[in-house]
Every structure is written in structure tokens, then in C-alpha cells.
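2 protein chains.
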Amino acid sequence: MPLGERSGHKESRYCGVETEFYDDIPQLLAYNISSGGFDFAVAPLMDPAYRPSLMEKGTGGSGVLPFAGSDLVLSPSQWSSHVVGKISSWIDLDSEDEILRMDSETTLKQEVAWASHLSLQACLLPAPKGTSCANYARCVNQILLGVNNMQLWLRIPLLKTDDDSMDINSNSLVDSWELWNSFRMLCEHHSQLSIALDVLSSLPSANSLGRWFGESVRAAIIDTDSFLTNARGYPCLSKRHQKLITEFFNHSVQIVISGKPVHGLPKGSADLAANNNDSNFDDWVLQKVKDCVGISCEGFEEENKALFTAIEASHYKDKLASFSNPANKGVHRHPLRSYLDYVGYLYQRMDPLPEQERFELGYRDFLQSPLQPLMDNLEAQTYETFEKDAVKYIQYQRAICKALQDRVPDGKALMITTVLMVVGAGRGPLVRASLQAAEETGRKLKIYAVEKNPNAVVTLHSLVKLEGWENIVTIVSSDMRYWDAPEKADILVSELLGSFGDNELSPECLDGAQRFLKDDGISIPSSYTSFIQPITASKLYNDVKSHKDVVHFETAYVVKLHNVARLAPSQPVFTFTHPNRSTNKSNQRYMKLQFDIPSETGSSMVHGFAGYFDAKLYKDIHLGIEPTTATPNMFSWFSIFFPLRTPVVVHPGSSLEVHFWRCCGPAKVWYEWCITSPSPSSIQNSNGRSYWVGL
Amino acid sequence: MPLGERSGHKESRYCGVETEFYDDIPQLLAYNISSGGFDFAVAPLMDPAYRPSLMEKGTGGSGVLPFAGSDLVLSPSQWSSHVVGKISSWIDLDSEDEILRMDSETTLKQEVAWASHLSLQACLLPAPKGTSCANYARCVNQILLGVNNMQLWLRIPLLKTDDDSMDINSNSLVDSWELWNSFRMLCEHHSQLSIALDVLSSLPSANSLGRWFGESVRAAIIDTDSFLTNARGYPCLSKRHQKLITEFFNHSVQIVISGKPVHGLPKGSADLAANNNDSNFDDWVLQKVKDCVGISCEGFEEENKALFTAIEASHYKDKLASFSNPANKGVHRHPLRSYLDYVGYLYQRMDPLPEQERFELGYRDFLQSPLQPLMDNLEAQTYETFEKDAVKYIQYQRAICKALQDRVPDGKALMITTVLMVVGAGRGPLVRASLQAAEETGRKLKIYAVEKNPNAVVTLHSLVKLEGWENIVTIVSSDMRYWDAPEKADILVSELLGSFGDNELSPECLDGAQRFLKDDGISIPSSYTSFIQPITASKLYNDVKSHKDVVHFETAYVVKLHNVARLAPSQPVFTFTHPNRSTNKSNQRYMKLQFDIPSETGSSMVHGFAGYFDAKLYKDIHLGIEPTTATPNMFSWFSIFFPLRTPVVVHPGSSLEVHFWRCCGPAKVWYEWCITSPSPSSIQNSNGRSYWVGL
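Chains as they are written, first to last, in my numbering: chain A, 124 to 818; chain B, 124 to 818.
Misleading hints may appear alongside valid ones.
When chains are identical, the list treats them as one kind, so a pair holds in a single copy or across two.
Stated by the list, open to error - Here are the simulated PhoX-like cross-link-like pairs (lysine-lysine), alpha carbons at most 20 angstroms apart as the crow flies:
(1) 611 - 662
(2) 662 - 362
(3) 252 - 715
(4) 791 - 232
(5) 383 - 671
(6) 715 - 567
(7) 742 - 525
(8) 668 - 383
(9) 668 - 511
(10) 708 - 742
(11) 683 - 742
(12) 511 - 683
(13) 611 - 232
(14) 668 - 742
(15) 739 - 525
(16) 569 - 511
(17) 569 - 362
(18) 611 - 567
Hints in this document: simulated from the structure, not taken from any laboratory.
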């Protein structure tokens, strides 16, 4: 039973429970799932007393391994949807004790093979015991190369000591992310190796936590010790924990409750940790029970005027369940039920996703090739989508208004006709915005709508006719770079920007159009700047890597970034200004940037760079997607992603030095990029061999 | 004219000269080569006053670039064999000055294109100006992707400051190897990017210098300032410089003399730096001149009883040359001639290569797949080669002698017959060694010669017949692992070792044969250990990389290591002892090793690991190829090389942690390896997917 659907969400979230070994799996599931309310159980598959080395020496034996049950005790779909295999936690493949090491390897391989035989969706691997994990990783890597679709969740405690004064020579674990990082690098970033985070009672800093949202975290195991107790004796979480769990929900991370119940309910007077925030939780539980009761048993509420404690309410629920299903008679409430209820409450309490986010859900972390609107003609569907971005055109309209007012004083509004050229008019949205600006400001306008795509020109003609703009708008079917204009323009309006600003060749196009702009003419936009920031993005990295070639690693992608960690504030890269009156007209650019990752973050993995732009349309009117200044509710652009062929780990105290080039050839424009610190990478996309934009 | 052939060398070494810009290339060559005696000239191709940005602004111009001459002034073979193109040394692609940067890029590309047009073999790129070289590398990388077979020699000053107290915040260059390393990493280890080392008057430590012998150094440019002056006023080099130049000769590095003549010769009384070592040089010069004169002009010697100084002698030579070629009349001795003569002297003075080394010249740095003698049957030619290794069989004979004497006291020599089994007898060399040992010690022997290769058994039979060994030797055509022996052996003799000891499955074979060894029986060898050490090996790395697949990076190769730098002493990896009476019979192994590279070495690149073995045949008689204990004059084994998919840079103070596994499956044995420090690599050859030895 999922935690419930939130309004507007297509996806549900699930909550599992970690159990002890119990060799009657059907009963274990009945207790935890059918009766207990959890969605799945993380259950040991093998008797924890088993040791291969002891087996061999014992009686010849039947050769039957001490697994819990046989594959027949559950249906295949029950196995795969309700059971996550928990690998024996005693295994220690990096022990000094060779026998233990060999036993561990044998057991690990037997258990995973069994889980694979059962078609489980995942196995939970115990956390590495020390700071060294090479032999464990070697064995897991061997398994990963042979396993079916099963995921291996490596359990990692959510630990990071921020104490810099700590003795670094001591072998104690300082940052569990480092452990994970070693493990996954040894396993060559295998896409079926993911993480189950053990959430403990104290949490690392926000920056440090943030790193995990760029990693493939599949489950968060919350120990009952991490819960506080609210005034009514219910388990609840600290605000920081709540925020973290909410983020997990946002990132499709499944929750698993683990440990013994440590909240002795009911406890009317208990006030171990009064947590104002959760006073609502009690009411919520009450309401839930009322809802439940209201449906299944009329009149129940009357009998219970007094305020329910959660435990009481749930007891009634269990009672009702046992009434309605005689087979469940005598089933007691699951001891971890109140933890599950609290997690469900946190989930349902979340704010619904805004409409735009909901629309973009399907695009999250999905790599798209950037458009090449200069080389290729856009399709009607593409125009359709982008024309709906009202916010964008409102910004344009505001910019055009200001430009018109600056260009023509109020007193001369009726005398002067401003020549405005929309270069790259598409199906006309900027023509409309210009006309609306003229109307708003009372300025007279003559518009040329220049468009190179003959298919869009068809639509433009019918639009002009339909709207009765024939006297004002002249349609020109031509590439702006080669058009022989009959007169010069006061204002040049264009929307040629890509996610990285200049990546759809706005500079080259506007340099061409500049010929027919008056010496004191205005370009809207008047300038634009690209930005980058280093990110952890293991999902994107693996998607790029899956193509097994260099070309995909040297391509920039348009992507709705979600499962990423942004490691440092973005920095500007290339700026272009229009009109460009400088003597050096080159649109080649070279920029060296240095990023300093906050030291409290700890070491981090850089899989590549997120790219953005910000455009100054006119004076203070801007438009952009750079996160700190992004125009709200605009959906025309996702970010761009520049991958690194070899992801790089940046340790605290060392900085990341990045080089970006914009290179121009006779027929194409391309970017090259590399890093030189902490250690040099190769230069990516040399000569634009993999990715380029055609002129 | 090469520096001369040394006895026994097939290759010659060449010496070039660096020149100034001179636009009459034929005359430049006549002066430096035909007359001056150098083999080639490193000559600027373009007028150093040229700047593209000035050209454009100047008169419209003819569009002719200011190159030295046209392609027609020399024949194609003259261009390619006598001229190395020297790229304008003013270029600075990482300057803060954008105009200079753009001019530099344009010029560099024009010059390389011209050199390419002329089919030059190499161009000399000026050293990067500062510590930052990303833009220079980006531009060179673009060139490398498009260039023909031409090599680009990046000039690197041979500099390393050992002063640890130096302010690391200052931007001064501390270790020029780091600069090279950044540059080549940015250029993705391109095989046509190589090094021209600028040898200066002071040299870094031996360890630091050693790194360069694992890199692709093509030329050493020796500045005249680096020379000392001997008692007679000749230029000479310090002993450390001499040693370095000799090493360059050994590694096929060409020498280039550069700079102004600073040794004012002749200088009979000069004794700036009396250099005992080179008292021979004067005599050598005299002899050379005598030889030369003796051939070309009888009676010349009579006229010149006095001791020649080099300059005088050479003057005569020049005179003779001008006599024999009237066109050369008036040609003067080249001002750098005495430096060239000294370099020639150093070359010819070198010890001739030992015969074995000469035989192995063709194998240097050539990757071979290891034999699989268990899975495949060896060919006659292979037996033929290995049987010639007298030293190896002498060691075996010594070991067998000792074992026989220990087994049978002198007094019982005639009474007791020792049963000796040669397992893997091949064509019989160990049978012969055993019989010789029996004869030497007066012990009685019964020999079983067990061999699985039926083709070798044919030879064995004819050998036994030929030698009349029928009464002593029983030939068994069987795999030792499955042979049902009629009696048990006192001594088991085998030669199943590969370059890495156990890599030809000696452990598995001997474990099988152990069944028919008496409880107190002896195995020769009684144990063996493999060793590894980290090496720089850019040539091997590039050869592996050229296959463009993972398989080749996960394969171990047999190779005669030459162009490598050994970065730390080797360490033992796996040991096997025979007979193996332990209860744990597993031949799986796991070893974690930590290498500390001497801090005075500086940062170094680890391309992989050299592997060796040492075997204890019996008691103190050993056999092996581990460099510090290697058995002299044995040629049966080259080293083994384990590559790293991603070479790793180790900085001073951080250590290299390496993991090696020997894994055993039902049908194969394989190694996996990885590093975990300074940063984790992936685990190579997981599951033996790329490289394995068949059982």
C-alpha cells in the first residue's frame, strides 16, 4: 500500500521495513505488509548462523543452503514486489582474517544468486566494515557483471564528521561519501549499484547532505533511534530530518523503517521532545481514523468522543480490519506502525507540485540534443510549444515598450514611425508583442518580419491577414545574414538564444543582421551571458556512458536537471553584446574559471557542468534561467549539461579550474572544454569532432 | 652524417643544431650540415617579425606568408631528413593579451601546416611560457587531430627545484615535468606529441631525471652554456651530464646543440674546469683526424707531428673538404664543431652492448601475449629457444645436486635409487640436467619424464634412444594433473614458471602432481614469489591504447622493458610453496601493496606495473628476474606488464596503494587489479573478462 497519492502527483512513494531473519517468509510478509501496512520488507534471505567454512567440515550434508523458504512459498510477483533481499550483515570481505574473507565472498555470491533466482528487484548490501573496501568492491563488481536487472543497494551510513581538528591518521571514518565514492569508482560507476542511506539521529551539514541528491540513492533507512517523541508520545522527526525526508520523497527515494520500537505509546504525559511542528500530526491521525471508520463502521465516532491517541486509533483500525477479515483475527498492531504513519503523514503534507513542474516531470534528468534552429527548420509543434511561454513574451513586450519610449519622446509619438525588424520571426509571437508594445506606448511602428523558414512564413502570412496587420507588417522570407534590407532599422528584435545563450548562434546571426541596424539602433536583446556550475549527476553520467563512445561524452545536452547536486555558485562564461561595434569582431571566446566548493561539503564528484544563460533584453529588463536570477514561470529553456569524460573528485581545499572555449570555423561553431585542476583532463570535443552547431 | 656506428649496434645516433631564422634554407643546410658536420638543423620556418594582426592592417599584401624559401628550394627528402621545423618562439597562447594569443594561434597553425606541406618529420614547439598551458594545449590538440605523420616535439626545460621550503604560492615553475604532464594529459596522451628536453647547466636529482626515460623524449637540446671547458680549452660535460647523454643515446634520443660558441678555442692554457675524464678526448680527436687524413691525403701526418688540438685538426678536415669540393672554398669551420665532436666522442666511447642485449634489441618495449603452455601446446621453435638458456639449466642442475646429496648420504649413494619425476619434461632439458646432477654427485636415479604435449613426447623418445637413457628414463605421455603414477617420487622437478611466477599455472599443475610425491619428497622449485613495481611507460601505454578497447587494457603482456622509469622498489605479491601440505589448498590470492615514491623524484605518472618473479629452486639456489636479485645472463623470461586503463599521477607525499587478486574459476585462472590511492581506479579484468589463463 503506497503512502498515498498526493494531489497532482502521478507517482507514489513506498515505505518498507527492515526485518530480522525469519524462515517463514509468507508469515513475515503477512505480519509486516498485509497486517502491518508496510509496502515491502527488507528481509534476510539466509540463516545468519551460516558459514560456508563450517559447512564443508560438518557432515557431508544435503548441500541445501539455509535459505528462508523455497522459491515456491511466494508467487514470483510477491517475491519481486514485496521482498528486498538483505544480504547477511556479518560478511566482511576486507577483514584481515582470511577465512572470514573467503566465507564472506562465498556467502555474498550465494545470496545474490538466490535473490536473482527469485527475481527480486533489489538486494541490500551491508555497509563496508572499515575504510578499506577494495576486496568487497571487487567481489560486487564481479557480481554486477553477471547479474540480471536486480539493483544492488549498498548500505551507507549518513555520516560526516565536520571536525577538522580530527586526527586524520586515525582510521575512523570521517565522511561516508568517500567510502561510497571509492566503492563505485572501483565498480566503474555501474548503473545497477546504488545506495541505501542509513539515516541516523544526527545529520551532516546541508551542503554535505546535498551531495547525495546527485547520486543514485534508492532507499533511506531510518532508524527508530532517529525519531524524537512529541508531546503525545508519538514518534516524530526533527525539522532537519523532516526536510531531508521530504527531499527524499522529491527524489523518488523509498523509505525503510528499521530498528526496535523505542516510543512506548500511548504516553499521554510524555514530553521528551515537544515538537510544535507536529501538533498537526495527532489531528491527522485522528482524521485518518475517522475517515476509515466512517467508511467501514457507522456510529463508531459516537462511541469515541474522547481524543484518540494514535495508538488507540490505530488499534481500532486493526480491530476493524480483523472484523472485516476473519483470517486476521488476533493480529496485533505492528510495533513500528506509528513510525510508518508518521512517514505517511510527512508525505501527504507536502505541497502539491506547481503545474509547470508537473508538466516537466517526464523530462527530469532526460538528455535531449539541443535544437539547431539555424541549420534545421523547426517544426510546427516546436513553435507551438514555445509560443505558449507567456512570461517570455511579456518580458519582450516590456523591453520593446521601454525602447520605443526612449527612441520617441511622448511629444513626437504621432510624428515618428519607428522601424522595427523582428529577425527570426518564426510564426509571429514577437511581431505580436511588438504591436502590443506600440499600442501600449502609443508609438507608430513599421515592422519587418524576417524569417528563413519558408514553412513558418506561410503561417506568418495567414496571421497577418487574419489580424489585419497588412499595413504595418512586411514579411521577408530570407536569412537575416544575407537579406538586402530596403531601409535601416531603429530596433532589431530577436529570440535566438539557446539554453547556453550563444549556443544557437545568436551572435553570428545578429552580426549579420547588424548591417541594417541604424548606427544608433537598438538590439533586443542587447547582451547575453552564459553561466556554468559544477554538478554531481550520476544518473546523467551513466546515461551518457551507456552509449559507450566518445561522441556522447563530448556533446552538450538540454536537460531538466533534477537528480543533481549543484556544488558551487554558477559563474559567467561568455558575454555577447549587440550591436557589436568593436573592431575585433571575432565571436571566438576563451574563459578560465575557478570554482571553490565549500569545505563543509566535503569531497565531491563532478560529473560535468550545468549551463545557463541570462539575457539583458533592454536596460533593466532581463530574461534568463541562471538559478539565482531565473525569470519565474518561464518554460522555454531547460538547462544545458556539459559532461566530463572522466568525472573528477574534488577534495576540500583544492579548487576546480575549468576552461571553456567557443571556437568558430567556416561552417560551424563549437565548444571545447577541459579542467586543469585538481588534475588535468583531456580537452573535450577538440575541433568540434563530436558536437557542433552548423552555420 | 651520423655520430658513427658503435660496434654491434644496428642503430645510429644523430646530432642536430638549432639555428636562427635564415631565409636561404639551402645555404643554411650547406653551412650546418654539408660543411658543419651536423646531421640536421632545427630551423625556424617563418620570419620571427611576422604577426598576423599587423599583416591584416598593413597593405592589402600579396597574401604570401614570410616563410623561409619555397618548398622547391630543397628536394622532399632533404626537407624531411635535414630540417626540423622550429615554431616561432615568440608565440604565447596563454598570454593575458588577447591579440598576442590570437596571433600566436594563427601563426602556430600556419607554421605547422607549412611544415606538414614540406613533409618534415618533426616540429619543435616552444616551451609553454608560464605554468598555465591549457589554451596552448587546446590548439596543439586540434593540430594533432589533423596532422599527418609529423611529430610535434614540445620543448621542455629540464628543471626541477628540489627546495621544499619554496613558496608554493608563488607562480614560479617548480617541476617542468608537471608542465609536460598537464600538456600531454590535455592532449589525451597523443602519440605524436613528444618531448625535446632543454638540458641546462644544472641538473635535477637522478630520481627526478629518471622519470623522463619512461616518457617519449625524442630530442635533447644541449645549450653550449651547459658545457665546461677542459684543460685544453675544449668543451666538455660534467660527469652527470655525460651520464645523462649516454642514457639519451641508450634511449634513441637525438642530440641537438644550441646556443652560441662560448669556448674560445684553442686555449692551450685554459683550465676553467679540468676534467680528468676527458683527457682522452683530445687523443680521440687527434686519432679521428689522422684516420680521416690517412684516407684522404697521404703524407698529411708527416707534416703535423705536433699534437693537434681539436680545433686545429678540424680545421684541417675542413680544409681537406674544401680541397675536394671546390664549391666549398672559403668555407670556415662551424663555430659549434667542437661541441659536435665532443658528443660524437661520448657516443663512440660507450661500451658495446652485451650479446644478449643486442639479441633482445628488437624486443624492446614490444608487447607480447604471455604463453599459455597448459592450454596450448608449445611449438618446436619455442622449445628450441628456451632450451638454449644454459644459465637456467645450470641453476636447476645445482639445485638437483644439492637435493640428491641431502636425500642420499654419500655412504648410501650406491644403494639407494632416487625416484625423480620431471613434470612437464618438454623435449628433455631437465631430464638431461637431472642426469648430469646424478653423475656429478654419484647418485643413482630413476627418472619419469611426464609430458602432456604429444609432439614433444616424440622428441623425448628419440632423445632417450639417442643418448642411451632407456634404462633410467621412463617417458609418460600424460597431463601430470591426471596421471596415475606407478610409484611415488622423491623429487619432483618442473619448469612451469611464467614471467609473473604463477601465471602459467604452476600452482595448479604441481598441486595435481603432488599426489605422487612422497610425504617427505622435494619439489624443485620449492617456492616462488611474484613481484611488482610501478612504472612510467608512455610508449607501452600508447601501444595498448591504440587498440581502442578495454580488453587490451586488461591484459598482462610479456615485454622487454626499456623505455620505462621504475618509480619505486619492487615488492612481493603472491607466494606459492610446494609441496603444499596446508589444509587450505586454495590458490586464490589477494595482496594489498603500498608504494612510496621517493619525494625527490617529484610527481610521476604510473602507466602500470612491471611484474617479475623469483623462484627458490632448492635451499639457497634461486632463479629469477626481479631486477635487484635477477639471475645474470638468463634470457628465458622478459618482464610482465600490467597496464592501468587510466594512468595515475602520484604526487610527492602521497602513496600508491595497489590491490592484486589471483582468482580461480572452474576452467580458468585470472588476475584482477586496481589502485585505491591516491584515488580509486576501476577494478580491471573483472571476472577475467579480458585476460585469463585456461586450466
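Hint check results:
no.	hint	in the structure
1	611 - 662	neither (50 angstroms within a copy, 62 angstroms between copies)
2	662 - 362	neither (28 angstroms within a copy, 58 angstroms between copies)
3	252 - 715	between (42 angstroms within a copy, 17 angstroms between copies)
4	791 - 232	between (53 angstroms within a copy, 18 angstroms between copies)
5	383 - 671	neither (46 angstroms within a copy, 54 angstroms between copies)
6	715 - 567	neither (46 angstroms within a copy, 81 angstroms between copies)
7	742 - 525	within (8 angstroms within a copy, 97 angstroms between copies)
8	668 - 383	neither (42 angstroms within a copy, 55 angstroms between copies)
9	668 - 511	neither (34 angstroms within a copy, 51 angstroms between copies)
10	708 - 742	neither (23 angstroms within a copy, 81 angstroms between copies)
11	683 - 742	neither (29 angstroms within a copy, 70 angstroms between copies)
12	511 - 683	within (18 angstroms within a copy, 69 angstroms between copies)
13	611 - 232	neither (76 angstroms within a copy, 39 angstroms between copies)
14	668 - 742	neither (43 angstroms within a copy, 54 angstroms between copies)
15	739 - 525	within (13 angstroms within a copy, 91 angstroms between copies)
16	569 - 511	neither (25 angstroms within a copy, 97 angstroms between copies)
17	569 - 362	neither (59 angstroms within a copy, 85 angstroms between copies)
18	611 - 567	within (16 angstroms within a copy, 113 angstroms between copies)
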